[in-house]
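Student: Sequence:
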Amino acid sequence: MDWSILPPELLHLISTKFSSISDLIHFRAVCNTWRASASVSHLPPQIPCFLLDTKPGATSLNLYSLTSGKTHTVSVPACRDLTVMDSSNGYLLMRHLTNPDLSLLNPVTNSKVSLPFLPCMASQLVWASLDPVQAEDYAVCLLGIVYTPAPRKFSAFLQPGEVKWTILNKGSNLCCYYKGMYIHVNKISNSLEIYDVATQTLREGPVSPTPGLSYLVVSAGQVIGVLKYDNTRVPVHRCQFEIYRLEFGTDEKRPSWVKISNIGDQILFLNLVNGFSITASCFEGFRGNFIYFLKLTRNGFDNRIWHVPARYDIEAGTGEVLPFPPVTEYGMWFLPSLRYA
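First residue of the sequence shown: 8, per the numbering used here; consecutive thereafter.
Simulated from the structure, these hints should not be mistaken for lab results.
Everything numeric in this text was worked out from a predicted model, so none of it was measured.
Even for Gly, the Cβ is constructed at its ideal location relative to N, Cα and C.
Don't take every hint at face value.
As the list claims (entries may be wrong) - Quick list of the computed label-pair ranges, beta carbon to beta carbon:
#1 P218 to R87: 39 to 47 angstroms
#2 K194 to L104: 29 to 37 angstroms
#3 P213 to T78: 37 to 45 angstroms
#4 Q229 to V328: 27 to 35 angstroms
Can you make the complete structure from the sequences, with help from the hints?
Tutor: So, in structure tokens, the structure goes:
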């Protein structure tokens with residue numbers, strides 16, 4: 008049978024069923040007809056994978072698939088002379104090894120967008136949104152740091168069509184981007200600060216629900232705060248999490264935090280300082296109310312700290328290590344995308 012003559016509408020229907028990015032890539036590689044039928048503008052939701060430890064300047068990346076249980080090596084020539092800093096929405100924040108140039112890279116499609124010059128060490132990609140058709144239509148939120156004379160963090164924003172960063176001389180690793188608002192915790196006052204990127208106005212939010220809040224994450228259209236109890240001496244089954252939902256309030260009621268006991272059909276994926284959320288019911292074989300995180304442990308040979316991928320069952324209140332290799336400091340959960348394919 009000549010598989011290339013299958014009806015395009017049938018091929019398109021099949022392509023919408025793939026939750027594994029590798030299956031979709033293989034499908035599109037069969038022939039031009041199959042590739043044209045699998046539109047990248049209507050991609051099915053993707054299951055996150057884990058980007059294993061990557062050496063600076065390496066031109067290949069190793070991605071561990073939660074669905075297949077296998078590690079896939081992806082050739083990314085555009086990574087040459089670059090190092091991975093962070094990730095958001097299918098893109099990696101890359102910094103050049105010998106100069107301050109920054110870029111966004113899709114490792115699946117090997118497409119890269121150069122970012123305007125930013126005179127600092129960019130340390131965290133808070134959020135990125137790129138149009139799948141027009142490469143110049145993107146919005147970015149970064150957390151940067153300068154060392155003159157003492158370390159100082161700030162936030163930088165790019166709106167679609169802009170060629171120069173908007174700078175906010177405030178910022179912390181505990182932050183997220185939500186509906187045009189940059190939200191971060193002021194480490195001195197322990198309260199939220201909410202910055203409207205469009206109007207460039209700043210207002211104060213509620214005090215953190217508990218000292219030492221670990222993450223701010225956007226999940227199912229809400230902002231949640233996560234407190235992680237973990238150190239190198241705590242076994243994985245004794246790791247604990249507390250979760251709070253941010254209530255933005257009304258004209259008559261101030262914003263506040265509400266402690267919640269579950270996250271329903273959501274799964275959180277937490278990296279070292281940031282995270283994201285997916286809906287479990289979109290994927291066969293996955294259940295909601297789980298947290299995938301990086302467990303702190305210590306290497307017995309040289310006493311270095313490792314970050315081991317693990318999973319926490321919120322309902323049962325216990326965690327377990329996932330069955331793939333530990334990482335040192337550069338591994339991260341990554342949500343793959345075929346944009347710009």
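Student: Each of the hints needs a verdict: does it hold here or not?
Tutor: The hints, checked one at a time:
| no. | hint | in the structure |
| --- | --- | --- |
| 1 | P218 to R87: 39 to 47 angstroms | holds (44 angstroms) |
| 2 | K194 to L104: 29 to 37 angstroms | holds (30 angstroms) |
| 3 | P213 to T78: 37 to 45 angstroms | holds (42 angstroms) |
| 4 | Q229 to V328: 27 to 35 angstroms | holds (29 angstroms) |
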